[in-house]
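Colleague: Could you put together the complete structure from these sequences and hints?
2 protein chains.
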Amino acid sequence: MNLKDIGEFGFIKRITPNSVNNPKNVMRAIGDDAAVFDIGKNECVVLTTDLLVERVHFIKEALTGYQLGYKSLAANLSDIAAMGASPQHAFVSIGIPKDTSLEYLDEIYRGMKELAKQYNVNILGGDTTSSIVDLIINVAITGVGKKGSLLYRNTAKEGDIIFCTGFLGDSKAGLDFILKSEQPENNNEKRLFEAHCLPRPHIEEGLFLANSGAVHSCIDISDGLSSDLMHIAEESNVGFVLLEDGIPVSEDLLQYCKERGYSAVEYALAGGEDYVLVCTADSKKARKLEKDFYKTFKRTLYSIGTITKGKQYLMKTKDGTLIDVKPKGWDHFA
Amino acid sequence: MNLKDIGEFGFIKRITPNSVNNPKNVMRAIGDDAAVFDIGKNECVVLTTDLLVERVHFIKEALTGYQLGYKSLAANLSDIAAMGASPQHAFVSIGIPKDTSLEYLDEIYRGMKELAKQYNVNILGGDTTSSIVDLIINVAITGVGKKGSLLYRNTAKEGDIIFCTGFLGDSKAGLDFILKSEQPENNNEKRLFEAHCLPRPHIEEGLFLANSGAVHSCIDISDGLSSDLMHIAEESNVGFVLLEDGIPVSEDLLQYCKERGYSAVEYALAGGEDYVLVCTADSKKARKLEKDFYKTFKRTLYSIGTITKGKQYLMKTKDGTLIDVKPKGWDHFA
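For the record, the sequence lines run as chains A and B.
My numbering applies: residue 1 is where the first sequence begins, and numbers increase by one.
My numbering applies: residue 1001 is where the second sequence begins, and numbers increase by one.
Check each hint, because a few of them may be wrong.
Claimed, not checked - BS3-like cross-link-like pairs, simulated, lysine-lysine; straight-line CA separation at most 27 angstroms:
id, chain 1, residue 1, chain 2, residue 2
1, B, Lys1041, A, Lys146
2, A, Lys41, B, Lys1146
3, A, Lys4, B, Lys1180
4, B, Lys1117, A, Lys24
5, A, Lys13, B, Lys1117
6, B, Lys1004, A, Lys60
7, B, Lys1146, A, Lys146
8, A, Lys157, A, Lys13
9, A, Lys117, B, Lys1013
10, A, Lys13, B, Lys1098
11, A, Lys147, B, Lys1146
12, B, Lys1147, A, Lys41
13, A, Lys24, B, Lys1147
14, A, Lys98, B, Lys1004
15, A, Lys98, B, Lys1180
16, B, Lys1041, A, Lys60
17, A, Lys258, A, Lys328
18, B, Lys1147, A, Lys146
19, A, Lys180, B, Lys1098
20, A, Lys13, B, Lys1060
21, B, Lys1147, B, Lys1288
22, A, Lys328, B, Lys1098
23, B, Lys1147, A, Lys60
24, A, Lys98, B, Lys1328
25, A, Lys147, B, Lys1288
What the hints contain is simulated information worked out from the structure, not anything from laboratory work.
Modeller: Encoded structure:
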């Protein structure tokens, strides 16, 4: 048996046993967007970490240093957002190949610091080392959240309405330009490329959802809607029915897909790194949640389906047929 | 200008400005073994992170998976020890090349979990990704310490006695076997090799020093005594005089060096990864500290020199002459 056979999530299951020796102040261990531990107050600390490796997560020639730095921190901020917490302190480990220019490194930290400033986050430490061939960036970040209102993956309930805080699939279209070594040409292509390179973490949206009293579970879209919603379903022991008609895709993505004969819904389901939030909310409070969201952000909270009993993962297509949804997002070892 | 010109510590100085946007609960930012932040109680949280990259920090063929996992966590525990804090939660990011066997990975986690268990530490999360060529491990770890008794690098005082909690140089000798592709043969060589592969973090010693009320500053020996003591001196704006006669070297190292015509003191000064603690203590309380240390650990707390005024970094050799000490430890970009 090897890694490929068990996949990324099989590997995580494999390493999880016997990892908690002192459960006293642990509120959430391996298995969510971030771990949570009690500090004996009304607030608790959340902590998450993300490793980015050149040629796996990014191609250095395709991203500016600024974009790479910005995105490295954004991915972590998005995990804090998915917990409904406020980010606080970031720790940046960097492994630098000898031929890396100081200018490129300066740009990485400029991108990171600009985003950190926006969210009042500190960079409090890290590690700087060399690397033989690939540039490596690991960001660990802490946040604080209210004990009673943090959002987890494993608490979705049958009957919940599934919501999404923004467009899906744009980042995957943006990635296409990198993978095909093409340049985005018109404005809509440039916006898709920017959605990939400079994603906005939904921190305010996460705090809004956590404070709403209506939301049962939440995750951020880093691997793709089909994969990430599956995490909520599996961890909560429920199923879901997505509504194809409800899945929010941008005009930019529609245009991009139309020109190339691609399916925008496929991009939305399989695309990762959109860093929007998907949550499930009490159906009785859903209407008010949508209204309040609109009032706060002047944008729509998209209703994209419902949580169901049992382990069926379905999508109702535009013509009304139910089809199976398979996790199509990213698995590092598959 | 490039990285080589400014070196690892020049690079850290370069990225430090504008990294703190919200100083409110920050007790220590970039520049110590760990960052420290206030949680509004008598205790505070310390956090440190270490990145290990294959072919830079370790050679996969030379270490068992167990040793690699154990050592990855030990290096982080040692930073927590140097703060005088108790370790709590670890977060492991791993970047795995496709050809890595599941058995080797299982062994990494076995080594890590055995050490975690010894110190009642949890592994609460992390990230699992692929990597193209090199195995990558980043560990971030939190700890807790008492607000008034944490140990920093920048608080050494003129007249302090410099102490060391264990032998220096063994790990460097152990590394020789790896670099020369030799096998340790007799028992003393095997002990040196083990000092390199399975270092014991001085957690209990760090807590003892923090609680003693006698210690002004502390650091762990990860880059080598000359480099690490220089960090204390520079951050505290003081100098030091080491006593060659006082530097503790093991019988194993003496034997090893004698057989090969090497200088054991050179190994002690330049060798990294010993993961013992070096601290500076109030000279009036030094005698009691030594006695109490011996009573607690049944081992000697080695007195190795004194902190002086000004920026002179000296060693008094066995024949009484004063020589300059230069940082000879590891710099990733030099």
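Colleague: Now, for every hint given, state plainly whether the structure supports it.
Modeller: Hint by hint, here is what the structure shows:
1. Our distance criterion of 27 angstroms between C-alpha atoms is met by Lys1041 of chain B and Lys146 of chain A, whose separation comes to about 16 angstroms.
2. Our distance criterion of 27 angstroms between C-alpha atoms is met by Lys41 of chain A and Lys1146 of chain B, whose separation comes to about 16 angstroms.
3. Distance check on the hinted pair: Lys4 of chain A and Lys1180 of chain B sit about 35 angstroms apart at the alpha-carbon level, beyond 27 angstroms; violated.
4. As the CA atoms of Lys1117 of chain B and Lys24 of chain A are separated by approximately 14 angstroms, the hinted pair is consistent with the 27 angstroms bound.
5. Restraint check: the Cα-Cα separation between Lys13 of chain A and Lys1117 of chain B comes to about 19 angstroms, which is no more than 27 angstroms; the hinted pair holds.
6. Taken as a hint, the Lys1004 of chain B and Lys60 of chain A pair is honoured in the structure, with Cα atoms around 20 angstroms apart against an allowance of 27 angstroms.
7. Note on Lys1146 of chain B and Lys146 of chain A: the hinted pairing holds, with a Cα-Cα distance of about 24 angstroms set against a maximum of 27 angstroms.
8. Between Lys157 of chain A and Lys13 of chain A, the direct Cα distance comes to roughly 23 angstroms. Compliance with the 27 angstroms bound is thereby established for this hinted pair.
9. Our distance criterion of 27 angstroms between C-alpha atoms is met by Lys117 of chain A and Lys1013 of chain B, whose separation comes to about 19 angstroms.
10. Among the hinted pairs, Lys13 of chain A with Lys1098 of chain B is consistent with the structure: their alpha-carbon atoms are about 19 angstroms apart, no more than 27 angstroms.
11. Between the alpha carbons of Lys147 of chain A and Lys1146 of chain B the distance comes to roughly 23 angstroms, so the proposed pair stays at or under 27 angstroms and holds.
12. Distance hint between Lys1147 of chain B and Lys41 of chain A is fulfilled; the C-alpha atoms sit about 17 angstroms from each other, no more than 27 angstroms.
13. Restraint check: the Cα-Cα separation between Lys24 of chain A and Lys1147 of chain B comes to about 21 angstroms, which is no more than 27 angstroms; the hinted pair holds.
14. Restraint check for Lys98 of chain A and Lys1004 of chain B: satisfied, since their Cα atoms lie roughly 8 angstroms apart, inside the 27 angstroms limit.
15. Restraint check: the Cα-Cα separation between Lys98 of chain A and Lys1180 of chain B comes to about 24 angstroms, which is no more than 27 angstroms; the hinted pair holds.
16. Taking the CA atoms of Lys1041 of chain B and Lys60 of chain A, the gap is near 44 angstroms; set against the 27 angstroms cutoff, the hint is violated.
17. Between Lys258 of chain A and Lys328 of chain A the CA atoms are separated by roughly 21 angstroms; this keeps the pair inside 27 angstroms, and the hint holds.
18. Simply put, Lys1147 of chain B and Lys146 of chain A have alpha-carbon atoms about 23 angstroms apart, close enough for the 27 angstroms limit, and the pair holds.
19. Taking the CA atoms of Lys180 of chain A and Lys1098 of chain B, the gap is near 24 angstroms; set against the 27 angstroms cutoff, the hint holds.
20. With a CA separation close to 24 angstroms, the supplied pair Lys13 of chain A and Lys1060 of chain B stays within the 27 angstroms bound.
21. Using a Cα cut-off of 27 angstroms, the hinted pair Lys1147 of chain B and Lys1288 of chain B holds, with the two alpha carbons roughly 23 angstroms apart.
22. A C-alpha spacing of about 20 angstroms is found between Lys328 of chain A and Lys1098 of chain B, which places the hinted pair at or below 27 angstroms, so the restraint holds.
23. Simply put, Lys1147 of chain B and Lys60 of chain A have alpha-carbon atoms about 42 angstroms apart, too far for the 27 angstroms limit, and the pair is violated.
24. For the hint linking Lys98 of chain A to Lys1328 of chain B, the alpha-carbon distance of about 20 angstroms falls within 27 angstroms, and the restraint holds.
25. Distance hint between Lys147 of chain A and Lys1288 of chain B is unfulfilled; the C-alpha atoms sit about 45 angstroms from each other, more than 27 angstroms.
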